[in-house]
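First to last, the protein sequences are chains A and B. Just so we're aligned: 99 in our numbering is position 99 of the first sequence, and the numbers increase by one with no gaps anywhere. Just so we're aligned: 153 in our numbering is position 153 of the second sequence, and the numbers increase by one with no gaps anywhere.
These are computed hints drawn from the structure, not numbers from a lab. Do not rely on the hints blindly, as some may be mistaken.
For lysine to any residue, the following SDA-like pairs were computed, each having C-alpha atoms within a straight-line distance of at most 25 Å [unchecked claim]: (1) K262/B with L118/A; (2) K262/B with R47/A; (3) K262/B with M80/A; (4) K116/B with L79/A; (5) K190/B with R351/B; (6) K177/B with E189/B; (7) K116/B with D117/A; (8) K8/A with K116/B; (9) K8/A with W202/B; (10) K262/B with L116/A; (11) K116/B with P78/A; (12) K262/B with S282/B; (13) K8/A with L145/B; (14) K262/B with K8/A; (15) K8/A with E205/B; (16) K262/B with I74/A.
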Amino acid sequence: MNAERMSKRPLPSPDDPLVGEFWEHCNREELRFQRCAECRTWRHLPRFACAECGSQRWTWEISSGRGRLHSWTITHQPLMRDFAEPVPYAVVVIEMEEGVRIVSGVRGLELSRLDLDLPVEVVFETVAEGVRFPFFRPRPD
Amino acid sequence: MKIRAAIVGIGETEYVRGAGSTPVEMMVEAAHAALADAGLRGRDLDGIIPPPVYTTAEELATTLGVVDLRHAVTVEMGGASPVAAIGHAARAVTEGIASAVLVVVGWNGYTAMRPKPGARRVRVPEFQATVRAFRDFYRPYGAVLPVQVYSWIATRYQRLYGVPPDAPGTVAVAMRKHSRMNPKAVMREKPLTMEDYLASRWVSEPMRLYDCCLETDGACAVIVTSTERARDLAKPPVAVLGAAEGHPYPADDIPARTDMLKIGLHDAGPRALAEAGVQAASADLLGIYDCFTWTVLWQIEALGLCRRGEAKDWVRGGRIELGGEMPINVNGGLLSEAHVWGLNNVVEVVRQLRHEAGARQVAGAELAIVTGYGDLGDGSCAVLARSARV
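Excised from the complex, chain A in its bound form:
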């Protein structure tokens, strides 16, 4: 069955293998970000070259999975026909320990408890057959 049809949310539809690779790692429950093979700078979103040193060589390195809440919005109005999560829901920006930031959602956290720099950790959730997304839940500081 088409994974998109099973999903209660739109799935990434990358038109290049680079973006696809980020999500492939997620499907294996591994949060990996690009890291420059030369100057070792982490980066996200995926890019074809390191903006620091220009190198076009990189590795996909595993993240500690830990980060802090950098910002968020709480959406109260259903704005998407293909997104079944009930309102209100939060779309959050997490700053990972590696320094990169990622857009995600929260699990196990009342929306009223959202706060700047709240410590969080990654938790994977199956969103469609064979498709796993990283979400974030509170962790002890």
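Given chain A's structure and the hints, the job is docking chain B onto it.
Here is chain B on its own, set in the frame of chain A:
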């Protein structure tokens, strides 16, 4: 090279929710109005800067009878495009690449999404389908609209600087008050009090319904010529003293920015003001791209009118209203007149600088600043002056 350029013609369609015409028809109508205002004909134009997506310079040239099109460019900065386009037009006429450049925007921002029965509807590619960050990283988590991604900036700004709800509310109420004096404004018959604002529903926190601009159909056009050419035309020229654009880094992904609160106008504003040789505080009025009340607060700070986090107090006490020290968007802006990618705010500023604004005229208006804000926070800025200053 110092800019020597002026806005010599302005044109608008009606602003409505539910238009009988398509974006290209509306743009042609606005362009004809701007040509008539300037005392020019289509064949006097030799440059066209259309908006992205909806048309091409070549399509408009053919429809307007522009037989010698020398300068055809498109600016890809979302809502920041029109003001950036005025900068490109001003430089093109200064350098002699073109002699008269049309900057035009028109769209069916209402009808494309909410067509009335039988409406001729032009579909356009959805922003979130074409921008990779949206498509592959934001949308899967339920973020598809500007109100959501700008709210990432707004939440952090609100928390770091303790912005109370009535600060953005002050902007919403002021814009609505202005629209009541504007017969063209879509919201002219709908007063808005602070109580109404505070009671309005959340769309995506911290943004409420009345923090968001209107969805409307309409078009605007301006014509830019060299300062010399401007002297012979029908209306008093409005000089372009400075113009610049700025793009936050990285421009295509808000969360990755070291300082998420830094927008394109933090670079564009000082550049345009330096070129014009003026301070923002010397302006008599502003045309600020008010896609959201919150973005107005950030742009006030980016222009240097107050420090970061201080706009919440700066906007109070009637300062931004007609009769105040620094009126903003006397037409009612995108929040209460219409959303024509901010080119309607530019048209209003030109009208004000010509002293043609009637009952809502800012007394003695000589100098104004217009801004654009778009895509994921790109910024553009132009400094405009009544021609007597040139």
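A quick look at each hint next to the structure:
| no. | hint | in the structure |
| --- | --- | --- |
| 1 | K262/B with L118/A | holds (22 Å) |
| 2 | K262/B with R47/A | holds (22 Å) |
| 3 | K262/B with M80/A | violated (29 Å) |
| 4 | K116/B with L79/A | holds (20 Å) |
| 5 | K190/B with R351/B | holds (24 Å) |
| 6 | K177/B with E189/B | holds (10 Å) |
| 7 | K116/B with D117/A | violated (46 Å) |
| 8 | K8/A with K116/B | violated (30 Å) |
| 9 | K8/A with W202/B | holds (23 Å) |
| 10 | K262/B with L116/A | holds (18 Å) |
| 11 | K116/B with P78/A | holds (22 Å) |
| 12 | K262/B with S282/B | holds (23 Å) |
| 13 | K8/A with L145/B | holds (18 Å) |
| 14 | K262/B with K8/A | violated (34 Å) |
| 15 | K8/A with E205/B | holds (23 Å) |
| 16 | K262/B with I74/A | holds (22 Å) |
Consistency with the previously given hints fails for numbers 3, 7, 8, 14, ordered from lowest to highest.
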